[in-house]
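From first to last, the protein sequence lines are chains W and Z. All residue numbers for the first sequence refer to numbering that gives the first Met the number 0, where the first residue is 0 and numbers rise by one. All residue numbers for the second sequence refer to numbering that gives the first Met the number 0, where the first residue is 0 and numbers rise by one.
Note that the list lumps identical chains together, so a pair holds whenever it fits in one copy or between two copies.
Below, in silico cross-link-like pairs of lysine-lysine (BS3-like), each with a Cα-Cα straight-line distance of 27 Å or less: (1) Lys-680 - Lys-582; (2) Lys-225 - Lys-426; (3) Lys-549 - Lys-528; (4) Lys-277 - Lys-295; (5) Lys-225 - Lys-186; (6) Lys-64 - Lys-198; (7) Lys-426 - Lys-584; (8) Lys-23 - Lys-239; (9) Lys-394 - Lys-525; (10) Lys-585 - Lys-629; (11) Lys-669 - Lys-629; (12) Lys-64 - Lys-225; (13) Lys-394 - Lys-426; (14) Lys-622 - Lys-660; (15) Lys-584 - Lys-225; (16) Lys-585 - Lys-720; (17) Lys-680 - Lys-225; (18) Lys-23 - Lys-127; (19) Lys-124 - Lys-680; (20) Lys-225 - Lys-23; (21) Lys-198 - Lys-426; (22) Lys-629 - Lys-582.
Just so you know, the hints here were simulated from the structure itself, not pulled from any lab data. Please read all numbers here as calculations on a predicted model, not as lab measurements.
Residue strings, one per chain:
There are 2 protein chains.
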Amino acid sequence: MINYNDGKGEFENWLITEDRFDPKYQGKCEAVMSLGNGYLGIRSATEEDYVGQTRNTFINGTFNKFDDYDVTELPNAADQIAIEVWIDGNRFNLDNGQVSDYRRTLNLLTGELSRSFLWTNTFGKAFKFDIKRFVSFTDLHLFGTKMSIKSLNQSANIEIRSGINGQVTNSGAQHFHEGEKQVLEGKYLQMVQTTTESKVDFVHNSVHSILTSESDIETSNRFEIKRRRVRMLYTFELGKDQGCTIEKVSNVFTTRDKENDGLSLAQIRKSSFDHLQKALSFGYDNLAAESSTHLKDKYKELDIKIESDNAFDQLALRFAIFQLAVATPAHDNRCGIGAKGLSGEGYKGHSFWDTEIFMLPYFTFTQPEVAQSLLEYRYFTLPGARQKAIKNGYKGAMYPWESAWAEDGEVTPVWGDADVISGEAMKIWSGFIEQHITSDVAFAVWQYYMTTRDEKFMENYGYEILLDTGIFWGSRLEWNDAKKEYHINDVIGPDEYKEHVNNDAFTNYTAKWCMENAIRYSDVLKKDKPNIYQKLNDKLNLDFEISELKARYNNVFIPDPNPNHVIPQDDTFLNLERIDLSKYKKQEHVGSIFHDFNLEQINEIQVCKQASVVMLMYLLEHKFDNQIKKANYEYYEPLTLHDSSLSLSTHAVLAADIGDKDLAYSLFQKAIRIDLGPNMKSSDHGLHTASLGGIWQIIVFGFGGVRMVGGELRISPNLPKGISNLEFQIIWQGEKLQIGITKEKLTITPTNLHATIQCEVFGDKVSITEERHFNY
Amino acid sequence: MINYNDGKGEFENWLITEDRFDPKYQGKCEAVMSLGNGYLGIRSATEEDYVGQTRNTFINGTFNKFDDYDVTELPNAADQIAIEVWIDGNRFNLDNGQVSDYRRTLNLLTGELSRSFLWTNTFGKAFKFDIKRFVSFTDLHLFGTKMSIKSLNQSANIEIRSGINGQVTNSGAQHFHEGEKQVLEGKYLQMVQTTTESKVDFVHNSVHSILTSESDIETSNRFEIKRRRVRMLYTFELGKDQGCTIEKVSNVFTTRDKENDGLSLAQIRKSSFDHLQKALSFGYDNLAAESSTHLKDKYKELDIKIESDNAFDQLALRFAIFQLAVATPAHDNRCGIGAKGLSGEGYKGHSFWDTEIFMLPYFTFTQPEVAQSLLEYRYFTLPGARQKAIKNGYKGAMYPWESAWAEDGEVTPVWGDADVISGEAMKIWSGFIEQHITSDVAFAVWQYYMTTRDEKFMENYGYEILLDTGIFWGSRLEWNDAKKEYHINDVIGPDEYKEHVNNDAFTNYTAKWCMENAIRYSDVLKKDKPNIYQKLNDKLNLDFEISELKARYNNVFIPDPNPNHVIPQDDTFLNLERIDLSKYKKQEHVGSIFHDFNLEQINEIQVCKQASVVMLMYLLEHKFDNQIKKANYEYYEPLTLHDSSLSLSTHAVLAADIGDKDLAYSLFQKAIRIDLGPNMKSSDHGLHTASLGGIWQIIVFGFGGVRMVGGELRISPNLPKGISNLEFQIIWQGEKLQIGITKEKLTITPTNLHATIQCEVFGDKVSITEERHFNY
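Turn these sequences into a full structure, and let the hints guide you.
Put into structure tokens, the structure is as follows:
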């Protein structure tokens, strides 16, 4: 079980702790405590092996396709984490013997994972273990482990088996050739493996140092090279009260690393070996301290202070910010964020709308340079998006529902879980017809632009995305001659429990908004930046395409609210059967409705997987008044099972917006428990990175009331009862603003102002030039 | 730990038993207790999962190559054996809780594997488990499990998770595409997977039936289709004293099965489904009984009765005969026997000289139709052997050192374990220069021919092998102008601790013998079977090639004994350094010399991995007198580390031959402990099938003194002290002879005689027409 908030002093509200080892929670702990730095992600499987464990090491952007029947995925690279400890010839693990004083801790402030316990084996020999691990935030390639074992009551023969193991797979799919294995100078282990299809070379290095408490303890060692594996075997005898410390320092480099551009594999092997030698000379403690300092510096701008009746609120937010740093490839604009970050095999490392709609706002408002890098990634995927449009008979940029390496195009798998009725695998339609992703990317570009006013980005990348996504939607429209309207038929909206619907509200509204934006910025460019316009006109045939958009725009059908102010989710939703959903609303595990119905049947019921119309109200909020927001929230929420982790945060922000602070807070409590809650299976396949971004949004956008609305900054806090103080920093158009929110007042403090900031506070337009206080 | 001989009554000396569960012995038990029928082999991993476990299912002949850097190997097919039991939400396994009355038994008489124990979990709930498993000897595609669980003291929630799991690999190498998964009629699981390179389709089916002790226990079930996996989940509550029985019936078919020739995959899927439905209707008990009856019938001709001071002798022999039946593809002449049978990934399912020299004599003398099938396999590999000859600049048939599917040619991997000095993988030279395999195949053909007088086989297959292997050796010779002799340089003999030697005694002697045989049978055919000669002349250019052989034959150098009667193992062996080998002679694990020396260094020391000159004395025994045999045995044995499992049996037979019965018996004791002995790691990668054949040879050839010498039958028993009675059957030239050996006399009983048998008994030529007794 995971436990929280037992940190004291400096570490108060910085520690995620497991205080009892339970193999059932392995998957959860592996994901929740996973380490990484955006380049490298390592799931926190324990050093020793257990049944049901998943060892994952991912390097962002190194996608590979197992065969023509599979889609490309982030390959599970050779494991350098496992350390087997054999005591008197028996494999050590906590499943047998007696464990006490157990404690495993992810320290969010230092980024270090530690584990300590007393263990008495079935023969009565007692040992104290202390194990630490880090993945460096300073040096993206570096990670290390330090394991101390002390023999407490008797002497024992200890054997340590540790190295590099390339037998790992992605649930059975092997992405690497066998590769080359080598032991240099009798102790430096090197394994070079190449992905089978994308031909990315991985260079793994590990080295150990063994320090015993008494200098006369004799350590013997040898090495082993076996199939897909190279390792060291160290043996020694520990007397009573004697101890040893094993430091394992490792690194990994690939030929896809930006910094390795132009280097030969031989050069990378050599430099990675030098890198390892240097790291070894620094030693674990220095390397870990350096990384921790780097992380603490980062927090100076990112940490949010939250005073709440539930200290867990503070911790959960810090967890979100830490794991977003672990997941996000800030170092490389050719990579996106995986839907599970780098913490599991789920969703194959692919990027979804999760990035743009759920995570990007966090970066846009706090680390615009990271947001920029992630949007540049979407720019680099434009060729694939255009290919997808052409393949489907459309124009412009039709973004892939799932995206991997920039050149890959659409990578959504075609087959998913079993249909409960037919017993056959279900077809995943999202790659074909879940088309709102194109709007989502455009929205994120626009949100970034409005929030940063980064004209350089817009000129190099942004306008092209805004224009080409608008062009796509123009070409996507279907003329309905009876109604004399343009429709968008046969899609999946954000609510994936409705497939093949016509005129999905979210899709149609955002499509129309994309067209509107394309028309607007085309006109702006033509007038203000004729060179840019000309360049894009050459590329996108704007003169013709934009006039087409203009001709069609007014006839794009968007569903109006019905007399009860409810916007129909699609053409048929409001006419579908209603059933008693209470069983599923109370479910322990998401997706329980599939135990009773198949997707075909669910398609005919008024039930939603996640926010859809509610999501629309959130994104394009300037288009809807409060009455409509409230009516739709109240209609759709009871029908929504929140079977997507993307659902709760949207509802929470909307609840705050419509003034229901209690509901907003209770949804927040649910959202922060998606990964950190007691459900032991929820994070098995990896963390819900979108939800982590959503948690930040609930705090800053929901409770903090910060929003970019129609290009303008709005700050109208909605602090719920339990929270008495909230302090965070945002960056608005290059200016850093410190926001303080208490029960009594809102304080806005520019920390390094260059220009006056216009802002709407509780409905009033205000100018910020210095610290200002607004009492409620 | 494995325990023996606790069978009583009918099962006395038929049971291999483990009486305490110890995860350290997992690998050993998995291999030693593995089940199969020559078509299908399933390593006996337990139903529940443990760390360090290896789940293997192999179908003979279905080789696949992972990539161009790997050699073809027998792919590890989807697992249908695992059954997870979850009790009150916790995964059941024996690592925790209290186990008593534990017993796991492989019944060699019935072929059934069973396991029973009482288990009390950490919450104090007690259960009785009874688990049985069989792989059918009647129906090669069929296997099943029956698991009974009784709740002894409290009620418990039980969940059974079981199905087909294609996430398994060969130590990380995945040989299958994802494939299709389906659940038919809500319970019949089907998975179809295709090998990635050889494109063999595997059709796996499994179905469960759940029977609870009380009819009112409600069982709920659902199924799951995930990546490379399909399974059922059954849940029910057991009250105190209530029980349930889970029967899982499974089958597997492939498009490479002979019987499926010409059938489409769809037809195979359909018929395999029908097959499963039929099997389900029979039920576990009937299916297992049918297989057991079949096996008992088989034993009527194969079982050897051995009265010994050590009852283990009897059991070990039965074990050898059982596991040879499990390993041997008697059903398909396109398949060989793997060096580890079907019991592990070791040696990749490849066939070596192990088959011809160690296992084939058993079949030739007891089941000549199986020997014939195995030799036909070698005939089908002739095209690859000829290709190998051409590739190396030779003529004739140069057999691959390692052989897989008939068309594959040489499949020896190029890289092996690490060199202890350089830290790099060592090159495996056997595929290039361990050339005596060609002699070995020819020898086996000749031995089969002499023992059976199967002229039809010879005409269709045998002569061609004898002639073309002779032609190979003729072309392989190298003229030494200084000595005016033909040499054979740069080879590895049977002693693999000497690489790149010149004039290896075993190689040169057997090569010359092959040439001799080719000349002899060419002359015989020309004279007696001109049609056959003509056919082979057209194919092999005999007129020319045999005259070449004749011209060269007399000048082929074979090393003569030195003044001490010792035949030099090769040109330099006797001049190499001698070191103190006692440390390695006493080793616990084979290959310990590699902890101190690398192969390059071992190459310069008078040390042998295994019998080489001694092996030569054994195969071509008519060419050496007793004095020479004895001198060479006494010279080489002390230098031999028996690091190959092929070594002990040869030495044991030779020891018996030279009259040292005590030594012979003590080597026999070692040989039967290669797999069954206490060394927990020795069988991890699979059983030593050659050694199993060797065990039979020690008994029948060594103690029984049965031998084909120069084409004649010789029976001159050498019964060691501890054995008082030996009874077995051999088939000599189609006649079944029951052999009885006691301390006092030898009895030879023809059981169904057609013609007089000539035989040499203790140096006398005798004719057998009826039961005869020979007193010593």
